[in-house]
Amino acid sequence: MLLIACPHCGPRNSDEFSFSGEIVPRPGPDPSPEEWRRYLYEKANARGWVTERWFHVAGCRRFLDVERHTGTNEVRAVRDVAG
Amino acid sequence: MAGRGSRYSAWALVRRGLGGKPWPKVWRHHELRPSYDVVIVGGGVHGLATAYYLARKHGVRNVAVVEQAYIGGGGSGRNTAIVRSNYLTPEGSAFYDRSVKLYERLAADLNFNVMFEQRGHMTLAHNDASLRTMRWRAEVNKLGGIDSEVIGPDEIKRLVPLMDVGDRPRYPILGALWHPPGGIVRHDAVVWGYARAADRLGVHIHQGTTVTGIEVRSGRVAGVDTSRGRIATGAVVNCTAGWSSLVSELAGVKLPIVTRPLQAAVTEPVQPFLDPVVVSGTLHVYVSQTARGELVFGASVDPFASYSTRGSLDFAEGLAGHVLELMPSLAGMRLLRQWAGLCDMTPDFGPIIGPTPVDGFYLDVGWGTYGFKAGPVAGEQTAALVATGRVPELIAPFGLDRFARGDLTAEKGAAAVGH
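Which chain is which? The protein sequence lines are A and B, in order.
The numbers in the working numbering rise by one with no breaks, and the one at position 30 of the first sequence is 15.
The numbers in the working numbering rise by one with no breaks, and the one at position 266 of the second sequence is 454.
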């Protein structure tokens, strides 16, 4: 089980959240096909501390940035995307 | 080299038993050579099969298989050992059909009993939409010469008497895709069989050896740094699962892969009652009974990316509920243990197998939840690719460049993933 400390709802089981993966910066307003391909497909898929986006779908329904260690599933920081 | 006493037979067993002499080492420990023609990263079914076919079919014997832990300890020893070829796409089913054919004669080829039991593979349909997909898959399979048919609840009940095919409100069993050549294999035996055969042909298997760097000089592979020293080589094959992004990154190649754990569990052993492999895509569960009598359960990949191989209570609870939905009379059975393996998921649920922009760096990765059943064919085709430098037709649809071309494979016949 993975506990995520939601800044609005407190520590909650991860099955209340939906996972949308590592945060990849969006390309600029006029990207080349190559830039789009990189954005769509190339993932760091790192083993270590990663900042990723989660959605508290069965809670406050806010988007959250979660810092999680992908080797141990330890969570060290959770922020509301809106700050 | 295959010498006296290296073949397994009833006669050899009697002789060894009476003589009391120990069996020779099945694979040996070697010092690291300063150079190899081919270095394979990852000592699982894929890496060992690639090494075996390189040596056996192409005469490339100066090959090292470099494994950071012990052989068969990753995905090869953690899967649920199911083999089938009833995929949805023509390229997918042709590929896995070749794998089933290789598995059928693997025990004879390797002189190692891999215990391939073709007890049939049954994929249940709980609604009209999945029944329609089953019909589609059956027709694609039949055109490719694969034994695959849609069957009704009466036939399902005949094949699996414990199945609840009653009139249930939530997940009624409307029919199934029935695939007689499918079945289960002893997955450790496949690893050991390939390792033994490759060792006999002169391949060096280096366990406990971590790859720490891949040297690329002017767009070409020049060598591999390991925890036991440097190896000069012109060809490196990434045959890892779970670690494929990280190993490719060492050569500067980025992959469209996200690693997710897939959990499985096994029950206490009971008398044989379940012959075929039973799968429900809707309920995300697959069940088979091993030769030892244990029930092996698998589910879908975990809902978030991770390199952790810990099991979770969420999984065990969900799994138990889904199994009882199909076979309520199993309610008294106890789980013995659960575990997880790492699945490298690609955006189109197809593998990535072929060359890369770095000359001499090859991929056999992205095997998601379907790597074990593809082991022999992937090894055979990767060996051909490395030995000849040409991409064999069977793996042409699975190249890394398909993502740049927008030519994805869309394999909806893949198991254990939501579509």
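Don't read these hints as lab results, they were simulated from the structure.
Values in this document were obtained by computation on a predicted structure and should not be read as measured data.
The beta-carbon is built from N, C-alpha and C at its ideal position, and this holds for glycine as well.
Among the hints, erroneous ones may be present.
So these bits of chain B aren't anywhere near chain A, every CB distance computed over 10 Å [said to hold, decoys possible]: (1) Arg195; (2) His218; (3) Leu290; (4) Ala326; (5) Ser406; (6) Arg408; (7) Glu456; (8) Ser500; (9) Leu512; (10) Pro535; (11) Thr576.
The calculated lysine to aspartate or glutamate pairs, modelled on EDC-like cross-linking and capped at a C-alpha distance of 16 Å, are [said to hold, decoys possible]: (12) Lys442(B) with Asp65(A); (13) Lys442(B) with Glu20(A); (14) Lys442(B) with Asp547(B); (15) Lys442(B) with Glu27(A); (16) Lys442(B) with Asp589(B); (17) Lys289(B) with Glu305(B); (18) Lys28(A) with Glu437(B); (19) Lys442(B) with Glu19(A); (20) Lys289(B) with Asp335(B); (21) Lys245(B) with Asp297(B); (22) Lys330(B) with Glu279(B); (23) Lys345(B) with Glu219(B); (24) Lys345(B) with Asp335(B); (25) Lys345(B) with Glu513(B); (26) Lys28(A) with Glu7(A).
Cross-check of the supplied hints:
| no. | hint | result |
| --- | --- | --- |
| 1 | Arg195 | 42 Å, holds |
| 2 | His218 | 29 Å, holds |
| 3 | Leu290 | 30 Å, holds |
| 4 | Ala326 | 32 Å, holds |
| 5 | Ser406 | 22 Å, holds |
| 6 | Arg408 | 22 Å, holds |
| 7 | Glu456 | 25 Å, holds |
| 8 | Ser500 | 5 Å, violated |
| 9 | Leu512 | 20 Å, holds |
| 10 | Pro535 | 6 Å, violated |
| 11 | Thr576 | 28 Å, holds |
| 12 | Lys442(B) with Asp65(A) | 30 Å, violated |
| 13 | Lys442(B) with Glu20(A) | 14 Å, holds |
| 14 | Lys442(B) with Asp547(B) | 15 Å, holds |
| 15 | Lys442(B) with Glu27(A) | 6 Å, holds |
| 16 | Lys442(B) with Asp589(B) | 12 Å, holds |
| 17 | Lys289(B) with Glu305(B) | 13 Å, holds |
| 18 | Lys28(A) with Glu437(B) | 11 Å, holds |
| 19 | Lys442(B) with Glu19(A) | 13 Å, holds |
| 20 | Lys289(B) with Asp335(B) | 12 Å, holds |
| 21 | Lys245(B) with Asp297(B) | 12 Å, holds |
| 22 | Lys330(B) with Glu279(B) | 13 Å, holds |
| 23 | Lys345(B) with Glu219(B) | 57 Å, violated |
| 24 | Lys345(B) with Asp335(B) | 20 Å, violated |
| 25 | Lys345(B) with Glu513(B) | 15 Å, holds |
| 26 | Lys28(A) with Glu7(A) | 8 Å, holds |
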